Structure formats: structure tokens, C-alpha cells
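Chains as they are written, first to last, in the numbering used here: chain A, 1 to 311; chain B, 1001 to 1241.
If you're looking for bench data, these hints aren't it; they were derived computationally from the structure.
Among the hints, erroneous ones may be present.
Stated by the list, open to error - From chain B, some residues computed to sit far from chain A (all C-beta separations above 12 Å):
(1) F1015
(2) M1053
(3) E1067
(4) G1069
(5) P1081
(6) L1115
(7) S1118
(8) F1124
(9) F1168
(10) L1174
(11) V1181
(12) G1182
(13) A1196
(14) I1197
(15) E1214
(16) L1229
Stated by the list, open to error - So the derived label-pair ranges between C-beta atoms look like this:
(17) B:M1001 / A:V68: 26 to 36 Å
(18) A:G185 / B:A1107: 47 to 57 Å
(19) A:S169 / B:G1027: 52 to 62 Å
(20) A:G76 / B:E1214: 37 to 47 Å
(21) A:G16 / B:R1155: 15 to 25 Å
(22) B:R1002 / A:D203: 30 to 40 Å
(23) B:R1085 / A:T18: 53 to 63 Å
(24) A:D257 / B:L1236: 51 to 61 Å
(25) B:A1107 / A:P168: 52 to 62 Å
(26) A:D295 / B:R1155: 40 to 50 Å
(27) B:R1234 / A:D72: 22 to 32 Å
(28) B:L1171 / A:A196: 23 to 33 Å
Claimed, not checked - Some, not all, of what chain B presents toward chain A, calculated at C-beta under 8 Å:
(29) D1040
(30) Q1070
(31) N1071
(32) T1072
(33) R1074
(34) V1076
(35) L1077
(36) S1078
(37) A1079
(38) R1082
The structure displayed is predicted, hence computed values, not measured ones.
Cβ atoms here follow ideal geometry from the backbone N, Cα and C, with glycine treated the same way.
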Amino acid sequence: MTAPLIQLDGITKRFGRTLALDELSLAVPEGTVCGLLGPNGSGKTTAIRILLGLTPPSGGSAELLGLVPGSDGFIGAVRQTGSLIEGPALYGRATARQNMEIQAATLGLRDAASEVRDLLELVGLSDRADSNARGFSLGMKQRLGLAIALLGRPRLVILDEPTNGLDPSGIVEIRELIKRLPERGVTVLVSSHLLAEVQLMCDRATIINKGRLVADGTMDEILASTGVGEGYKVFVRISQSEAAAAALERAGLEVEDRGEGGLVARGEIEDDSEITRILAESGIWLRGLMRERPDLERVFLSLTNGGRGEG
Amino acid sequence: MRAELLKIRSMPTPFWVGVAILVCFFGGIAGAVAWGVGEDDAVLDIAIGVPTMIGSLVLGSWLAGVEFGQNTLRRVLSADPRRVRLVLVKLATVLLVAVVATVVLLALGIIVYPLAGSGHETSFDYAMAGRIVAACVVTNVTYATTALALTLLARSMAGGMTITFVFFFVLDGLMSLIPGVGDYTIGVAQTDVDLAIRQQSEGIFETTATNGTEVAAIVLAGWLVAFTLAGIARTLASEVK
Chain A
1 MTAPLIQLDG ITKRFGRTLA LDELSLAVPE GTVCGLLGPN GSGKTTAIRI
51 LLGLTPPSGG SAELLGLVPG SDGFIGAVRQ TGSLIEGPAL YGRATARQNM
101 EIQAATLGLR DAASEVRDLL ELVGLSDRAD SNARGFSLGM KQRLGLAIAL
151 LGRPRLVILD EPTNGLDPSG IVEIRELIKR LPERGVTVLV SSHLLAEVQL
201 MCDRATIINK GRLVADGTMD EILASTGVGE GYKVFVRISQ SEAAAAALER
251 AGLEVEDRGE GGLVARGEIE DDSEITRILA ESGIWLRGLM RERPDLERVF
301 LSLTNGGRGE G
Chain B
1001 MRAELLKIRS MPTPFWVGVA ILVCFFGGIA GAVAWGVGED DAVLDIAIGV
1051 PTMIGSLVLG SWLAGVEFGQ NTLRRVLSAD PRRVRLVLVK LATVLLVAVV
1101 ATVVLLALGI IVYPLAGSGH ETSFDYAMAG RIVAACVVTN VTYATTALAL
1151 TLLARSMAGG MTITFVFFFV LDGLMSLIPG VGDYTIGVAQ TDVDLAIRQQ
1201 SEGIFETTAT NGTEVAAIVL AGWLVAFTLA GIARTLASEV K
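Based on the provided sequences and hints, a complete structural model is requested.
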């Protein structure tokens, strides 16, 4: 097994009296798209800034591509890492192409013209390559930021809230771009508070709250971690919902009443016909039935106490 | 340095500074035609020396401050985290551009202005012109370095530029009034060096030399090194948002 490209081990970061990260540990294996989740202010960006050597940790150790920030050779690790932190940082009065050329020069890349052209094509900005970046929509700026992060064919890309402020079509565009990155040999760490997005694009996820790790693993492991399994959404007449809940509970199922005649039944259920049979035997006729899969949002809210409190 | 030169080439502030300097240069031709080259080749100082001095100040402040306005500093440092190197590369770029622009424009002025002013009695002193080139280079290096360092300290382009102007044109003058200490301000040292290079005993506003040339050169270099070190220290100590 190859070493993870990112390794945080017991990282602590204090800003004055504020504890931003509290012994956070995290590993990102090569070839994956890994989500870093947490409510606003949970420490996601601080963790990323520590990884990139932009701010030192107060305790613990961080490694980027096997190298500690500030150590000899760390510059090499940074050069193989593209990043987009808290929105794209662009020279607004320079064009998209010039922004990329400046970054290519900063990275020490020679003859980057064809790579710049290819990346602008990849993010769909070829036709606006010579327009000033300050006139771009937020979505276009995000896509340009992503193109800049991909300059120099990095092994790892760290994206902090890459879909922030985007409209639905922009979100889909960025998500599809990110999902395709492992095909180009790029490992991705993407931080976000948009849980559905992370569930759709990531193989793994780490959930943090108030700077602490609350869950870590593959998406399936995370989804199973709270014991919130698959269930069925059952819709009956409002007047029959109590009777329906009682019938399902008598059959050994766990029932959650969501009001307005909506129930969720969980437990050993072979298929939906079993629900139909249990209710029919009690003289209750179904108005609707659908499977409910556990989603990251419910797991996240469960682990982070509604996204606010201690996890 | 290529990245910094690309920033200068790509963005409008350096472009418009360049345009303003060229307008002054061509204004110098018109002035020479109308009134001659002036005593002690004054046209070189008025049409090139002063504009490039202000241009050096603006460029120094701009190249440091350009990273603060749109948080591009984190992008730059995410690509290359060597902060000391970043400051030194920016400084080297500003000095290269300021010195090359000053020397090239003055060289052109030395060729063009005597021709433009040939219809007047005042003759052009080529030896003096050579000394003006050297004096302007020292002045522009002083202003560019100070502006860059003060902008790094202020962490804001507008703030840095304002502080630099206030420092040179107000604070430094006030400091020079302090008995004893006032003989070692950057303005006094720069004036002393300038007069020494020009081989003049008296500058504009009838200023005269305060210290010997060696002392002035050491004081001037000391100020510039201190400013640069302060800028580096601030850059090293700052959290990058």
C-alpha cells in the first residue's frame, strides 16, 4: 500500500485563545477524491493552510507528499500540489490566460503555453481566455481557479469550497470536472459544507466539527457509522398514521413519524411488498411507498449535532 | 522573476505609470525646443528624473501591494512557500525595471534633448548628464526599495503608497529637524549622496551637504537594508489568509 499523499497526525492550531484544530488526524490515499466536511468555522481551511505551509501548526505533525511543511524539499511537494483555497485568488486586471501564465512562471514551468491552452479548454474558458478575470462570473472564476490549480500536472489537488456561490449548473460542471481528475492521475482533497456534492463526488470523507475529527472512512463506512440504515418512506392517510406506526412496530420495525401521514420504517425488511402486506393486514391502505437510502446530510447532522454542536 | 515581470507586463497600473513617464519624456522634448535644455541639463531632471522617481515609488509599492488586494499572496505562497525569496525577487524585479527604465530614458534624453534645444544658447553638458544618470539611479533605487518595504509592512497597496509618500515628504523632513539624529535621516543621506555624485555644493532649495560622502552612503545603505529586513520580517511573521 502506498503512503498517503496527505497525513495530518494530531494537529492542533490555536489563534490566541481560540482552538481552531484539536488533535486532528487525517490521511488521503493516492488516487482518491476525499471530502473534508465540516460546518463553517470547523477548521477545514485552517487544516489546508497548515498542509500548504501557509500557517504553522501549534502542535502535531503534517505531511504533504511525505514532506513536513518548512522542511528541506517541501518546495518540491508544494510544486506537485495544486490548490484553490477559499475561492479563486485572481489578478482581476489580468486576463484568464495571463493569470495562468503568471502561475506557470511562479511554478517555474517553461513552455507552458500548450498546457495553459489545454486547461482553459478543460474548464470551458477557451473563448474567454483573453478577457479580464475581474469581469468573470463567480462560476467562471472558480473554473479558472481550478485550471490554475491543475497547472504543472500536480499529483494532488486541494480544493477548498470549490462550488461555493455557484449556480446549480456551475456546481454540476465543477463536480464533473473534479470527479474526472483521478483519471488524469490526480488525487483530490475537497473541503465543503455542501454535503450532497461531497457524497456525489468523493470516494472517502473526513468529517470535522469544532476542529475535531468526528468520522473518517470510505463513503459507505461513513454512511453506516451512525447506524442509520436504509428504510422505507411510508405515506398513509393522516388519520391512519398512528395505526400504521403501531402495525409496523408490532412487526418488529423501527418507526419514525415524520408527520402529515409520513412514516419511515427501518429494520429487517425483505422488500417493499412486506410493508404493503403488514399495513393491508391492519386494514390500512398505502398512499405511497419509497425506499430511503441513508445520505451524508443526515449522517453529518447526526455526527455534528445539527451542524452546530459537539460531534 | 519571470512571474513578477509578467505581472508588470499584464496589468494596467505599471502600463499607465509607463505612459505618464513617456508623456513627461516627450514633454521634455517640447520644453527643450521652447526653452532649451536649461542650466545643468535641467531638462533631464525635470522630464525624466522626477517622473521616474515617482514611477519607481509607485512601482515598488504596486508590486508588493498587488498580492494583498485580491489575496493572491496565498496563491503565490501555495506555489512557492519561500517568503524571503519572494520579497527578494520582488525587490530585484522593481530595481531592475526602475534602473533600466531610468538609464534608457536618460540615455535617449541625452541624445534627443540637446538636438531639440540646439536653437537656444545654453549648451548641453555631457559630463554633467552622465552624473545625472548616476544620481537618478541612486535616487530611484532608494524610492523603489523604500516603497516596496513600507508596502510589505502595511500589507496594503494604498496604505503602502500613502505611507511612503508621507514618510518621504513629511516624516523624514520632520525627523531631519531633530538635533543630531536629524543628520542621519534617509532624506539627508540621499541628498548628500546626490550632491556628491553631481559634484555640486548646493542642490535645489539651496540644500547643502550635511555629512561626508562615505558616511552618507553608509547611512543610506543602512536605511535601505533596515527597511528591506523589516519588510521580510513582516512577511515571515504574517499569517496568510
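(request) Check each numbered hint from earlier against the structure, then list the numbers of those it violates in ascending order. (result) Hints 1, 3, 4, 5, 23, 28, 29 are the ones this structure does not satisfy, whereas the remaining hints hold.
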